[in-house]
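J.: The residues making up each chain are set out below.
Number of protein chains: 2
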Amino acid sequence: MLPFSRVTIIGLGLIGSSIARAVRLAMPTVRLTGYDADPQVRETVDRLQLCDDVADSSGAAVIDADLVILCVPVGAMGAAAAEFAQDLPADAIVSDVGSSKAEVARVLGEALPGAIVIPAHPVAGTERSGPDAGFASLFHKRWCIITPPEGANPAAVERVAEFWRRLGADIEMMAPEHHDRVLAVTSHLPHLIAYTIVGTASDLEEVTQSEVIKYSAGGFRDFTRIAASDPTMWRDVFLTNKDAVLDMLQRFSEDLTALQRAIRLGKGDDLFEHFTRTRDIRRGIIEQGQDDPAPDFGRTHD
Amino acid sequence: MLPFSRVTIIGLGLIGSSIARAVRLAMPTVRLTGYDADPQVRETVDRLQLCDDVADSSGAAVIDADLVILCVPVGAMGAAAAEFAQDLPADAIVSDVGSSKAEVARVLGEALPGAIVIPAHPVAGTERSGPDAGFASLFHKRWCIITPPEGANPAAVERVAEFWRRLGADIEMMAPEHHDRVLAVTSHLPHLIAYTIVGTASDLEEVTQSEVIKYSAGGFRDFTRIAASDPTMWRDVFLTNKDAVLDMLQRFSEDLTALQRAIRLGKGDDLFEHFTRTRDIRRGIIEQGQDDPAPDFGRTHD
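Chains as they are written, first to last, in the UniProt record's numbering: chain S, 1 to 302; chain E, 1 to 302.
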């Protein structure tokens, strides 16, 4: 038994188009409808035949859906939901893929009063954007965190969970506030730091931008990947998970100041001790299959 | 004509053992001698047959060399050089692979008065350490920066350059002070930031270490790779390139404070503008072949 038979995807960028591709492979009998506010994206999705139907309005897209997944930047969720609210079938489940969950739950609740909303967040992505960038295996062995609102219907939650399992994801349940703190440290702070350091490097006067690029293999290039992520998506993440991000940032700044002081005072033992314990975390990530065990992310050196 | 015929490598970790492997492939007639202060490393190098000879002392290792390359942590360079100073042939060239150059030039000059010292820095590596971690193609299409002292013999510089070209590297010449500022931003600051954030994440109370590992695919895992680098090597880099690192860190902190303020005040346009311009740097790195063009560093998603 498939968890859903008529799935509508609103927003067909990297994540939305990857869901479409994965549904096609894993649940080929599902009727897939897509909508994107950008006519060019709709055209691309049509050309690539990623959906059975590409609708001209989000209202038309949801009208007979049993699952609607919002795959738009988190700052656009409220408006996108309000747009199809009148046309949403009463028994349809609405979900999303947003990277901050408390704020998204609030705006979806406001835009869709009385609707069944089960927010989710597949922890997966690449630095690319748009419907051409998606691929079916994006969610394979990645975590999908579901943040059901209090009092959510367990059967509805289970259907959303089963949908993501079929796309290859592993499921975890979390309160939205806890999700936002966990992701603030595992995703949002790293992106902010990466965006910052790439900006700092490109502003230097006496070291040229071409030198920064040329010698980036010393470590810098790793940061440029996530600093190439979608600017709209990330602006919205920071604005909608402000408190948790600012708190993590404060802790990070304190730790950085401590290392800065150790360097200034020549405290080699403090540096060595700090640099030693961070190795264990990498080991844990490799052991749990959350990254490539090959050195240098498996980059080829030939 | 080979640039050297009897090469001695002092320190047989990731870089030293990679040089040995690469010399074997590119210049098979070169007589390779190795020495490492750690008897276990010497045993491994012997077992893997990475060198023609593994000497029991660095003095014995250099005694008939025409090139001696120091591949030890930068903080150990002075002592390592002093150890073989008495046995170094007068016409031998001494080079190194250290990540900070002004300080290394100073200590090598002190330890080896009158010797021909041509420092170099191959901008290449992985997060692994030790002789088992090396591989012959590590320097392929990577930059090797040579920082000749003032008045260096051009023929000696050219022989070191040719040696690295044969190992697959591209050559650049730089003043040691400029090298140290360029690498402070492209390598040292990124490592410091990565070590910091991984430490911050592992110290959190309400988000557990297992959650940090589990959801690391959201961005955090990228930082754990370079934060798994050799602690001794990196302690020494920060202590020997203190001024440039502290200056870059100051600029980074100012930029981070500006973004923090934009988040706190909800200035979405400022965030968007910043996140947009950092994309260009990534593009430059890909175009110049300094990173894998595939999304997500080419990680497999299957």
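Bear in mind the hints are in silico, worked out from the structure with no lab data behind them.
Among the clues, some could well be false.
In this list, chains with the same sequence are indistinguishable; a pair is considered to hold if it fits within one copy or across any two.
[Claimed, not checked] Under the rule of at most 30 angstroms between Cα atoms (straight-line distance), these lysine-lysine pairs were calculated in the DSSO-like manner:
# : residue 1 : residue 2
1 : Lys242    : Lys267
2 : Lys141    : Lys267
3 : Lys242    : Lys141
J.: It remains to establish, for every hint, whether it holds in the given structure.
T.: Going through the hints against the structure:
For a Cα distance limit of 30 angstroms, the shortest separation of Lys242 from Lys267 across copies, 11 angstroms, qualifies, whereas the shortest one inside one copy, 35 angstroms, does not. In this assembly of identical chains, the alpha carbons of Lys141 and Lys267 never lie at most 30 angstroms apart, being 42 angstroms within a copy and 36 angstroms across copies at closest. Taking identical chains as interchangeable, the C-alpha atoms of Lys242 and Lys141 lie at most 30 angstroms apart only when both belong to the same chain, with a minimum of 29 angstroms there against 42 angstroms between chains.
The structure shown violates just one earlier hint, number 2.
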